[in-house]
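Chemist: The lines below spell out each chain.
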Amino acid sequence: MNREDLIGELKNIVGDRFVLVEKEDVIVYEQDGSIFQVMPEIVVLPGDVEQVSAVVKLAKQAAVPIVPRGSGTGLAGGAVPAEGGIVLSLARLNRILKIDLENRIAIVEPGVINLDVTKAVAKDGFFYAPDPSSQAACSIGGNVANNSGGPHTLAYGVTTNHVLGVEAVLDDGVIVWLGGEVPDTPGYDLCGVFVGSEGTLGVVTKVAVKLMQTRESVRTLLAIFDEMDNATQTVVDITAAGIIPAALEMMDRTTIEAIERGAPVGFPRDAEAVLIVEIEGLTEHTDRSASLARAICQRNGAREVKLAADEAERQRLWKGRKGAFGAMGTLAPNYYVQDGVVPRSKLPEMMRRIAAISKQFNLRIANVFHAGDGNLHPNILFDMRAPGELDRVIEAGAATLRACIELGGSITGEHGVGLEKKAYIGLLFNEADLEAMARVRRVFDPDNRFNPAKLFPTPASCGEIRLQPAQIPAGLWI
Amino acid sequence: MKLTPDQLAQRLAAELGLDAVSLDADRLATHKIDDKQPVLVCTPGTRDQVSAALRLCADAAASVIPWGGGTAMALGNPPRRVDVVLNTGRLNGVIEHDHANLTVTVESGISLTALQQRLADQRQFGPFDPPFPERSSVGGIVAANLNGPRRGCYGSVRDLVIGIGSLGTLGIITELTLRLVPLPESVSTVVAAGTFSQAEQFIRELFRSRLLPTAVILSNERAHEPWSVAIRSEGFEESVARCRRDLDTLAVQAGMSAQLLSAGEHEELWRAVRDFPLQDKRLIYRITLPRAEICDFLHRAQNWPDTETTTDNVNGTIWLACAPTKASVQRFSDLATLARARRGHAMIFAAPGDLKQGFEVWGDSPPAFSLMRDVKHQFDPRGLLNPGRFVGSL
Chain A
606 MNREDLIGEL
616 KNIVGDRFVL
626 VEKEDVIVYE
636 QDGSIFQVMP
646 EIVVLPGDVE
656 QVSAVVKLAK
666 QAAVPIVPRG
676 SGTGLAGGAV
686 PAEGGIVLSL
696 ARLNRILKID
706 LENRIAIVEP
716 GVINLDVTKA
726 VAKDGFFYAP
736 DPSSQAACSI
746 GGNVANNSGG
756 PHTLAYGVTT
766 NHVLGVEAVL
776 DDGVIVWLGG
786 EVPDTPGYDL
796 CGVFVGSEGT
806 LGVVTKVAVK
816 LMQTRESVRT
826 LLAIFDEMDN
836 ATQTVVDITA
846 AGIIPAALEM
856 MDRTTIEAIE
866 RGAPVGFPRD
876 AEAVLIVEIE
886 GLTEHTDRSA
896 SLARAICQRN
906 GAREVKLAAD
916 EAERQRLWKG
926 RKGAFGAMGT
936 LAPNYYVQDG
946 VVPRSKLPEM
956 MRRIAAISKQ
966 FNLRIANVFH
976 AGDGNLHPNI
986 LFDMRAPGEL
996 DRVIEAGAAT
1006 LRACIELGGS
1016 ITGEHGVGLE
1026 KKAYIGLLFN
1036 EADLEAMARV
1046 RRVFDPDNRF
1056 NPAKLFPTPA
1066 SCGEIRLQPA
1076 QIPAGLWI
Chain B
28 MKLTPDQLAQ
38 RLAAELGLDA
48 VSLDADRLAT
58 HKIDDKQPVL
68 VCTPGTRDQV
78 SAALRLCADA
88 AASVIPWGGG
98 TAMALGNPPR
108 RVDVVLNTGR
118 LNGVIEHDHA
128 NLTVTVESGI
138 SLTALQQRLA
148 DQRQFGPFDP
158 PFPERSSVGG
168 IVAANLNGPR
178 RGCYGSVRDL
188 VIGIGSLGTL
198 GIITELTLRL
208 VPLPESVSTV
218 VAAGTFSQAE
228 QFIRELFRSR
238 LLPTAVILSN
248 ERAHEPWSVA
258 IRSEGFEESV
268 ARCRRDLDTL
278 AVQAGMSAQL
288 LSAGEHEELW
298 RAVRDFPLQD
308 KRLIYRITLP
318 RAEICDFLHR
328 AQNWPDTETT
338 TDNVNGTIWL
348 ACAPTKASVQ
358 RFSDLATLAR
368 ARRGHAMIFA
378 APGDLKQGFE
388 VWGDSPPAFS
398 LMRDVKHQFD
408 PRGLLNPGRF
418 VGSL
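Same order as they appear, the protein sequences are chains A and B. Plus 605 on top of the position in the first sequence (first one is 1) and you've got the working numbering. Plus 27 on top of the position in the second sequence (first one is 1) and you've got the working numbering.
Any given hint could turn out to be false.
[To be verified] Computed list of lysine to aspartate or glutamate pairs in EDC-like fashion (alpha-carbon distance at most 20 Å, straight line):
1) A/Lys815 <-> A/Asp729
2) A/Lys628 <-> A/Glu646
3) A/Lys728 <-> B/Glu232
4) B/Lys63 <-> B/Glu387
5) A/Lys815 <-> B/Asp186
6) B/Lys353 <-> B/Asp61
Keep in mind the hints are simulated off the structure, nothing from the lab.
With the rest of the complex left out, here is chain B:
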């Protein structure tokens, strides 16, 4: 930085107002990224203020870490430098909800839960399922490309907005327009339990049927049987009832027991699935595969102690939560090799900062890495936005 923290704070305060800048030690401590504390936290209140803040920080050669709800700060490589955290929390307005068009335009800092509450009046919702929606900001969901178990039914983050997944390394999102979906009349979850091979057969037959589940999750705890398959169905009462009947039949054919969850159990299960990727104090691997490869992959990788598995079988995503130890991190290259051999990829999705040191958490460099580096250079020539956190330490 060319300026002292106080000098930068003064310049920011002069343009954005005193309440938009904080040097308070407690506040700085709550905005650490991988144990690195910023020198100041800036909270612009408007789109123009975001623009002004970025200009002033660039003039001062200060690095900027965008911060929405702060739920996904464990994602990515440890940043090279943390000067300013730009918190979008005050950009929390709904600009326009065109309910007849099934779209909403919002400011990026609004939390998903706050948005869903607004949309529920018109019996609509934004079909995202990121971890911790009560804190997760819409801009952060988009920047971090946080997809949930229902993406196969409603579309991925990329399908629901335009321009995503840059992890705040190209610019800061200030407004977004999202596609919405009508709230379903009925929702229910059936859980089938049995051995691994029974679960494998059940899932294969489920995908051969004409049923259109909104999510299918295969999970177990600590690599022990039984394995359970949770199937979520949404839609009209009679469609959901039909799914329940057919799922019972499929479970019986696979030799599994099937149970219809109560409303409370349903909520609890999907909250756990949703929050799984960003749980605290665990090392989380994400492996993405063509979906028919999942069971074979698990078969080879499941014999790990102290590891919970949650897989999204519609979308081909495996989440492994392991003990936050050196031994866990050292499994990375084996996992990546197994994934690559199946045309997929593996990454360390979240981990305590000290465990990430020395690892490229995104895995192998993508084939088009030089293009990505050039894109980054075009948008952020001085490398001040989230320096080092993205693929190849961009």
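Next up, chain A with everything else stripped away, as it sits in the complex:
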């Protein structure tokens, strides 16, 4: 099938308006939140599951790749069409189909925005737990693909712990439910396999998610430290003391500077680190946990420990935390965020290594991360216009991942492997491990057409598809 025929057929399926091929239309789909960009050939926006199925069938017939895409907030290049083909946007599948509060389940389409699930049930005292920093923009489908987490992952788990089932379109266009509205569906846990598969197994078209009941009481502490080592040791001690906060987040001096320059919330700019410790549950539980956590902070030399006096003050602390990535722009034109994980017990050592990497590569690194999970987010600050700087940034990023693995950790906590880290996945898994994953892949995607060139290691370099300084076509209104 030639390109013109393929485009014609796609238009028959979804309608002329929802097949984009002109450069000025597809340019907005050339990137996600990572450092990779590839101009798509064709972008298709189906409106329902039958259209998704027909597009997938057609792609099989035409032997072209399918790259599923949610909101494009991913940080690992997962939605970038590295090998061309069809970018399949799920943005129009954006309905909340069912809310069942008695059974604490919602069924949503993949294009629904994460925060909108919580907004739909908040008035009844419920919430959807996984809360990535991008939750106001990222989609549930993208969260499923990347098994996304968020600050409250510590107590409540990541996406896979909150998905009971998915409806998926398989490579031959068949529509099937994996899992369901209840757990323990007999058979292999294919829903568990699908969550976190980064679009390499099929296209998710419905998701059954768990809803949680809002807790009676929330206590949020801000602890301020003059030494990074004291802050990281506090994280280790809080966990070791048997306190499981709902969230335990850290920001270092450079991140504080970015936040206070961008949208100030009153973090002290002379501190080396601040910790947000949030505890949820019955009032009796949060009172005691908060006082234990405060004592641990003080024992580790915290300069000050403040309890958020009311909901407004609590929201202000979280505004600082969730706005940290956006505020990086106040320090440098570009930033590159990594996503390694170390055992919590290795956090002090890991932060010393990041400081050393920053010195070695002569790059500023701002750390803002899920300390309670040991899930790091070093933001390497740079200017892409400076020749050779991006290469150095990527080397520094790789150095942080190698350090994570040396300390018994992993190369990704929640952002996924995508294009970005496929060269490093061999550091984490041996050939037999990767072969086991490849066997699963072959079952779902024998032609290797779902999001090819992602996740699995390939010898080809990603150098040619890295982000370039903006090239806007002449005459394009943006």
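Take the given structure of chain A and dock chain B to it, following the hints.
Modeler: For chain B alone, coordinates are given in the frame of chain A:
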């Protein structure tokens, strides 16, 4: 099998050592699966020996039945063939307990009780509640996906490890890393007793409250009233005390009597709940439903004689223990239909081998069955691992 039992035993002994292979009749008799006896029992001592044993068995075209503590061998369809039982009992080490990270890495054959004893030194535990923990192996808990009443609070087996529920049909687990939880400062159980409709109202109001019980179990004996609701609370002293006060109030509002259990009664009750799904000489059904459907389901299904009911109302699981008779097995299709109509599913969780003949104990074929068959084929192309026991006789 391409080899005689003696020939296979010799080859295994040559690589794994003499003490890793047994042809002893008494030992074989203790390793029956649904009345089928293996020709030999192999007990590898290391991960590499498991790998070598699987290779030698595959070369000999011998089927392999993985065996941990042997507590869940009644689960699944009767196997098509039983050649070798691979017992993981010697793989019983703790590789690393990183207490500050709340994780532990263990060999798969360690019993849960042995693991909990090691973890208790650091006031931590693995939040699993399978039947018979003193014998149940950690690898077996994971392979059989044995969840207990506290999963709603601490997470299911799937949430606590990676890659589960394949019932030993894809490979043999040799090591696992588990998430741990601090031991709670205080634990207590309140039991409210009353009529079925009182219990129903009580549970509905409990779930509308802000209390966070670690387990809620509705049960009765032989379908007679009274029904009892056991509520387990864990945490700080003052949190547990608060739960007790609020539960008393809720019980009074529902017209039920509430009783705080003594430590001994508490232990006894949770042991009974935990072991219920794998009790001997009973036919056990498991029905999984959206949890608000439980009472309506029971209302329709409860008029059976000689049946005990234990339901996990947090997680939507109903366990029915019936007499091990043909009549009991024949209720399966009615139960499955009732469950399906409520977006759930039903299975025969355990039964004597002869009763399972001719039944697909896992119930209806799941919608993605062809994918499961392909997954099985990718991992076990010759069908030698636990042949026939899993869904659709995989």
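Chemist: Need the list of violated hint numbers for this structure, in ascending order.
Modeler: Checked against the structure, no hint fails, so every one of them is satisfied.
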